[in-house]
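Chains as they are written, first to last, in our numbering: chain S, 1 to 114; chain Y, 1 to 116.
Check each hint, because a few of them may be wrong.
As the list claims (entries may be wrong) - Under the rule of at most 20 angstroms between Cα atoms (straight-line distance), these lysine to aspartate or glutamate pairs were calculated in the DMTMM-like manner:
1. Lys-44/S <-> Asp-39/Y
2. Lys-44/S <-> Glu-5/Y
3. Lys-1/Y <-> Asp-57/S
Unchecked claim - Listed next, with one range per pair, are the computed distances between beta-carbon atoms:
4. Ser-58/Y <-> Ser-66/S: 41 to 47 angstroms
5. Lys-62/S <-> Lys-17/Y: 43 to 49 angstroms
6. Glu-14/S <-> Thr-70/Y: 32 to 38 angstroms
If you're looking for bench data, these hints aren't it; they were derived computationally from the structure. Even for Gly, the Cβ is constructed at its ideal location relative to N, Cα and C.
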Amino acid sequence: EAGVAQSPRYKIIEKRQSVAFWCNPISGHATLYWYQQILGQGPKLLIQFQNNGVVDDSQLPKDRFSAERLKGVDSTLKIQPAKLEDSAVYLCASSLVVNNSPLHFGNGTRLTVT
Amino acid sequence: KNQVEQSPQSLIILEGKNCTLQCNYTVSPFSNLRWYKQDTGRGPVSLTIMTFSENTKSNGRYTATLDADTKQSSLHITASQLSDSASYICVVSAGTNNNAGNMLTFGGGTRLMVKP
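Based on the provided sequences and hints, a complete structural model is requested.
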């Protein structure tokens with residue numbers, strides 16, 4: 001099966017600029033997640049969707065981050081305006097809506113904010 | 001507060017040797033525990049998932065154990081290979097509903113380097 005697709009792989013922007021990341025989950029996976037992974041740390045959940053509805057966005061900095069999954073398939077994550085501390089890898093993952101179902105991760109987008 | 005602590009933070013071993021990574025958790029109510037392998041520049045890949053009733057699960061040269069009483073898990077790697085060099089992340093799922101993501105607590109990972 002095709003894996004989780006993410007683009008771009010790398011992005012370098014200046015602080016206060018905006019950036020968007022795209023994710024296409026595995027076909028049939030209703031649940032989609034965006035994680036932020038700072039170098040040397042484990043991933044931190046930003047937002048979780050089930051189909052096109054938000055399940056959890058409690059850790060999403062909503063003053064600058066936004067995400068959508070309009071048709072319940074692919075998703076975009078946007079940062080506007082970016083700060084230096086947003087430099088991280090942004091991982092998208094998807095899973096079936098079944099307990100104990102593993103998460104399938106994309107290879108992430110490495111964002112550098114200068 | 002749900003927490004997952006992994007040790008050691010980093011580890012260097014020689015090719016062919018065995019090693020064991022540790023994971024301690026305080027997550028309630030416990031649903032399952034997962035080990036992921038993350039190669040540099042890639043997303044994590046699932047190795048094992050264990051529920052409360054399982055105390056060991058293998059995936060090739062990887063064997064995970066779970067002691068739900070002491071809230072500890074270990075990942076044992078046998079006959080290490082250069083390709084085992086990666087970060088290994090312990091993830092614990094809490095709750096009894098089907099929303100796996102918002103109840104997942106990630107450890108900080110153990111960075112393993114296997115040298116020839």
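Going down the list of hints, with the structure as the test:
Simply put, Lys-44/S and Asp-39/Y have alpha-carbon atoms about 18 angstroms apart, close enough for the 20 angstroms limit, and the pair holds. Pair hint Lys-44/S plus Glu-5/Y holds up; C-alpha atoms about 15 angstroms apart against a cutoff of 20 angstroms. For the proposed pair Lys-1/Y and Asp-57/S, the alpha carbon gap of about 18 angstroms is at most 20 angstroms, so the pair holds. The hint said 41 to 47 angstroms for the Cβ distance between Ser-58/Y and Ser-66/S, and at roughly 42 angstroms that hint holds.
One distance hint, 43 to 49 angstroms for the beta-carbon pair Lys-62/S and Lys-17/Y, holds here, with the actual separation near 48 angstroms. For the pair Glu-14/S and Thr-70/Y, the beta carbons lie near 49 angstroms from each other, so the given range of 32 to 38 angstroms is not met.
Against the hints set out earlier in the document, a violation occurs for number 6 only.
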